[in-house]
Amino acid sequence: MLNHFKSYLHKQVSAAPLAVFRIGFGLMMFISIIRFWSYGWIEKLYLNPKFHFSYYGFEWVKPLGDWTYLIFIICGISALFVALGLKYRLSIVLFFLSFTYIEFMDKTTYLNHYYFISLVSFLMIFLPANAFYSIDNIIRKKQYALIPKWTIDTIKLMLAIVYFYAGLAKLNSDWLFKAMPLKIWLPSKYDLPLIGGNLMHQEWFHYVMSWSGMLYDLMIPFLLLYKRTRIFAFILVVFFHIFTRVLFPIGMFPYIMIIGSLIFFDAEVHHKIINFIKKMLQLFNIEPKGVKTEAYLKSRQKPVILVLVIFFVIQIILPFRYVLYPSELFWREEGYRFSWRVMLMEKRGYANFKVVNPEKETYFYVDNSDFLSSFQEKQMSTQPDFILEYAHYLGDHFKSQGHQPIEIYVESYVALNGRRSQPYIDPGVDLLKQYESFKSKTWILPFKDDIKGL
Amino acid sequence: MMKKIILGLFTLASVMMIVACSSDDNDSGNSVNDGFDRSAMLSNWANNIIIPVYEDLDTKLEAMVAQKNIFIAEPNTSNLENMRTSWKEAYKVWQHAEMFNVGIAENTNYIFQMNVYPTNTVDIQQNIDNQNYDLASVNNNDAVGFPALDYMLYGLGDSDVEILEFYSTSADSNNYKTYLSDLTDRMESLTQAILDDWKNAYRDSFVNNTDNSATGSINLVVNDFIFYYEKGFRANKFGIPAGNFSPNPLPDRVEAFYAGDFSKTLALEAVDAIKNFFNGRAYVGGNEGRSLDDYLDFLNTIKDGEDLSTLINNQFVAAENKINTLNDSFAEQVENNSVAMTETFDIIQLGVVFLKVDMLQALDISVDYVDADGD
Numbered sequence: 002m003l004n005h006f007k008s009y010l011h012k013q014v015s016a017a018p019l020a021v022f023r024i025g026f027g028l029m030m031f032i033s034i035i036r037f038w039s040y041g042w043i044e045k046l047y048l049n050p051k052f053h054f055s056y057y058g059f060e061w062v063k064p065l066g067d068w069t070y071l072i073f074i075i076c077g078i079s080a081l082f083v084a085l086g087l088k089y090r091l092s093i094v095l096f097f098l099s100f101t102y103i104e105f106m107d108k109t110t111y112l113n114h115y116y117f118i119s120l121v122s123f124l125m126i127f128l129p130a131n132a133f134y135s136i137d138n139i140i141r142k143k144q145y146a147l148i149p150k151w152t153i154d155t156i157k158l159m160l161a162i163v164y165f166y167a168g169l170a171k172l173n174s175d176w177l178f179k180a181m182p183l184k185i186w187l188p189s190k191y192d193l194p195l196i197g198g199n200l201m202h203q204e205w206f207h208y209v210m211s212w213s214g215m216l217y218d219l220m221i222p223f224l225l226l227y228k229r230t231r232i233f234a235f236i237l238v239v240f241f242h243i244f245t246r247v248l249f250p251i252g253m254f255p256y257i258m259i260i261g262s263l264i265f266f267d268a269e270v271h272h273k274i275i276n277f278i279k280k281m282l283q284l285f286n287i288e289p290k291g292v293k294t295e296a297y298l299k300s301r302q303k304p305v306i307l308v309l310v311i312f313f314v315i316q317i318i319l320p321f322r323y324v325l326y327p328s329e330l331f332w333r334e335e336g337y338r339f340s341w342r343v344m345l346m347e348k349r350g351y352a353n354f355k356v357v358n359p360e361k362e363t364y365f366y367v368d369n370s371d372f373l374s375s376f377q378e379k380q381m382s383t384q385p386d387f388i389l390e391y392a393h394y395l396g397d398h399f400k401s402q403g404h405q406p407i408e409i410y411v412e413s414y415v416a417l418n419g420r421r422s423q424p425y426i427d428p429g430v431d432l433l434k435q436y437e438s439f440k441s442k443t444w445i446l447p448f449k450d451d452i453k454g455l
Numbered sequence: 008m009m010k011k012i013i014l015g016l017f018t019l020a021s022v023m024m025i026v027a028c029s030s031d032d033n034d035s036g037n038s039v040n041d042g043f044d045r046s047a048m049l050s051n052w053a054n055n056i057i058i059p060v061y062e063d064l065d066t067k068l069e070a071m072v073a074q075k076n077i078f079i080a081e082p083n084t085s086n087l088e089n090m091r092t093s094w095k096e097a098y099k100v101w102q103h104a105e106m107f108n109v110g111i112a113e114n115t116n117y118i119f120q121m122n123v124y125p126t127n128t129v130d131i132q133q134n135i136d137n138q139n140y141d142l143a144s145v146n147n148n149d150a151v152g153f154p155a156l157d158y159m160l161y162g163l164g165d166s167d168v169e170i171l172e173f174y175s176t177s178a179d180s181n182n183y184k185t186y187l188s189d190l191t192d193r194m195e196s197l198t199q200a201i202l203d204d205w206k207n208a209y210r211d212s213f214v215n216n217t218d219n220s221a222t223g224s225i226n227l228v229v230n231d232f233i234f235y236y237e238k239g240f241r242a243n244k245f246g247i248p249a250g251n252f253s254p255n256p257l258p259d260r261v262e263a264f265y266a267g268d269f270s271k272t273l274a275l276e277a278v279d280a281i282k283n284f285f286n287g288r289a290y291v292g293g294n295e296g297r298s299l300d301d302y303l304d305f306l307n308t309i310k311d312g313e314d315l316s317t318l319i320n321n322q323f324v325a326a327e328n329k330i331n332t333l334n335d336s337f338a339e340q341v342e343n344n345s346v347a348m349t350e351t352f353d354i355i356q357l358g359v360v361f362l363k364v365d366m367l368q369a370l371d372i373s374v375d376y377v378d379a380d381g382d
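These protein sequences, in sequence, are chains A and B. Counting in the working numbering, the first sequence runs from 2 upward without gaps. Counting in the working numbering, the second sequence runs from 8 upward without gaps.
Worth flagging that the hints you see were computed from the coordinates, not collected in a lab. Be aware that a few hints might be false.
[Unchecked claim] Just so you have them, the derived chain A footprint on chain B, three or more residues with Cβ under 8 Å:
hint, segment
1, 216-222
2, 349-363
[Unchecked claim] Per the computed footprint, the stretches of chain A lying under chain B, defined by three or more beta-carbons under 8 Å from a beta-carbon of chain B, are:
hint, segment
3, 188-194
4, 197-209
5, 244-257
6, 346-357
7, 415-426
[Said to hold, decoys possible] Pairs of lysine-lysine residues, derived as BS3-like cross-links and limited to a Cα-Cα distance of at most 30 Å, are as follows:
hint, chain 1, residue 1, chain 2, residue 2
8, B, K238, A, K379
9, A, K143, A, K157
10, B, K238, A, K400
11, A, K45, B, K238
12, A, K348, B, K282
13, A, K379, B, K282
14, A, K361, B, K329
15, A, K440, A, K51
16, A, K51, B, K329
17, A, K355, B, K282
18, A, K361, B, K238
19, A, K355, B, K238
20, A, K303, A, K7
21, A, K303, A, K157
22, A, K279, A, K12
23, A, K45, A, K190
24, A, K355, B, K329
25, B, K99, A, K348
26, A, K190, B, K329
27, A, K293, A, K280
28, A, K88, A, K228
The structure displayed is predicted, hence computed values, not measured ones. Glycine is no exception: its CB is placed at the ideal position from the N, C-alpha and C atoms.
Produce the entire structure from the sequences given, and follow the hints as far as they go.
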């Protein structure tokens, strides 16, 4: 077993797939940052709101006023440098740090695919993605045609985890036997051309979409791994991601996954891609000379492998942490994030905060729009950790205005996957006396139904 | 082989891209045939509710302008009383119009020029004294419209005799007459412009815009309706005076504060408007047409869920019953027993949950339109 592993670690393959992945990833990220900026989302999401929701333990990560733009500049330029393979190691470290900092500034904007990008860029810090077809090659006047096989396999494994866990998460009674939440989402796409009017409200179509989505996620990593099914799988990847892009506002993610899936193809395909890029560059008379091909040196491989083994063990375990909390996961959302649970819930809520003076027995309600953007309010009203953090913010705010003694209660209702709204947070609990921790939140009211499955 | 596949993929991708891109456009509305005719719902709203409401409002405001002209020509008790009656008639119709903030109503900031209260008596007094004002200015939103007239007709003095003095014997009576006249004329001309727009180009573009997008008519009106229910109805009429948003009750924040015993009439009129809209009941004649209740019932046959339209209607009725038990003057109600007022607020509040959480979930309409990416 150990010998197998050791000989696996010595196996070498063409460096082209990783080079193509690096170029694709870097360019996609560069475009993503420009797109984000041009839509005015930096102001809207990070500069305009007075208050930002933090991750537990990362309260110090905040937008930095006008300096926030600098983080985005660093992020965009480092992404471009990654694509070019210019000062690769420094660039990918900067990209990972700046991108992750941006994501940690406000958890309102949490998306699984942003988390995915943070993880992949962390992984890439340890991979020789500039070994081949990079500007670093020209500067150092050497390149490596072969790199250890495991370096490419880590990317494949990461992609496989994303798909497979997203598939596992769909193994629940709402998704499979109620076709929820697609049964809510699809009929509202009645305005799509061609398929909007006749398909989107059909019940059988909701079930077909639910089940095929589940099967797609669970099977696609394997279909991509085996050579015989690979082309078919890639067609599926393209179809699935473009189709979901048509249905839902998911930004750059589908394109990133399509480009990312190319890594499963043989080196031959990647050489073709690189030759194509070379030809394009020749049109501009860009043709580097004098780059020697050398054998890849396996220095410092051991610590890197150790880091990556730990990384993947965490990746495999982390999505199951919800078993440590009472059910229902969809209702309580303890252990919901960072687990590839994508598009599983239609959840809406309403949270009305009550500021009480227990001595005078007076109270007043808070107008959330005084403090939160509508996006923040939407996210806050269905997630207990947001509600708690916001309650403490309100507490600090009203204390500073001289309201003391002070208690804060919330009357809240949440509707999940087409069920009728139910009371969400115990309205008799003073939230200022509750604190965020990894412990289960006792003040979430029970979910009056049962969702079976993983 | 490989080339063919790649070519095929590109074709597939570009077809999907075309679908993706054109789905962002607004021109696809008419072809929808999934079992619920959204265009019919929109035309019911336009033809049987919105336009008739504006027509009636315009008529009532014209009558008010006429009464105003008589009153400033001859300020006496009976003309004041007639002017007040015409103001009340128009104010009642206004309760049916306030929830619709689309088209040029939205562009001209109409609602904020018609019914922002409490009115700012200091600003009004300054305008009267200076004789130099722009009634369209945002700064004057709380010095115009029905609440300003409330003050001008009921609030200038303690008795009718005192009030009449401002328009007849006082040194600057002309200033008072001019301000009263300008206020009234402006309300009428704003309303006329909106009615004209609805009767001309806007109706058709409204009815045909059936998309489920941020600019689709259904989404706009539903968001307006919920915003009105939560803010204009729940908070302004009940919550704020009852002290739900402040440490103490604020009786002077009620609608039609100076008229005194009129706030309950207006609130009941508003419940009526809310029920009518939700059930698609025609403003004239009361025939029921397509509206949100039918849309929810249609979606419910897909989802096999709760009977939301009944739940929501029951909540409206509960609110109406509770309002009926209140004092004619909400200001007196708040002063004497603000608990009954907060109880009313709580009943209305449950309606907010049904509308904002359950109904929006069923309709899959976004309440905020943040154009950020989803997962």
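Structure-based check of each hint:
no.: 1; hint: 216-222; verdict: holds (count 4)
no.: 2; hint: 349-363; verdict: holds (count 5)
no.: 3; hint: 188-194; verdict: holds (count 7)
no.: 4; hint: 197-209; verdict: holds (count 6)
no.: 5; hint: 244-257; verdict: holds (count 9)
no.: 6; hint: 346-357; verdict: holds (count 5)
no.: 7; hint: 415-426; verdict: holds (count 6)
no.: 8; hint: K238(B) - K379(A); verdict: 17 Å, holds
no.: 9; hint: K143(A) - K157(A); verdict: 27 Å, holds
no.: 10; hint: K238(B) - K400(A); verdict: 26 Å, holds
no.: 11; hint: K45(A) - K238(B); verdict: 24 Å, holds
no.: 12; hint: K348(A) - K282(B); verdict: 26 Å, holds
no.: 13; hint: K379(A) - K282(B); verdict: 27 Å, holds
no.: 14; hint: K361(A) - K329(B); verdict: 28 Å, holds
no.: 15; hint: K440(A) - K51(A); verdict: 28 Å, holds
no.: 16; hint: K51(A) - K329(B); verdict: 38 Å, violated
no.: 17; hint: K355(A) - K282(B); verdict: 29 Å, holds
no.: 18; hint: K361(A) - K238(B); verdict: 27 Å, holds
no.: 19; hint: K355(A) - K238(B); verdict: 17 Å, holds
no.: 20; hint: K303(A) - K7(A); verdict: 11 Å, holds
no.: 21; hint: K303(A) - K157(A); verdict: 20 Å, holds
no.: 22; hint: K279(A) - K12(A); verdict: 28 Å, holds
no.: 23; hint: K45(A) - K190(A); verdict: 26 Å, holds
no.: 24; hint: K355(A) - K329(B); verdict: 23 Å, holds
no.: 25; hint: K99(B) - K348(A); verdict: 38 Å, violated
no.: 26; hint: K190(A) - K329(B); verdict: 39 Å, violated
no.: 27; hint: K293(A) - K280(A); verdict: 20 Å, holds
no.: 28; hint: K88(A) - K228(A); verdict: 34 Å, violated
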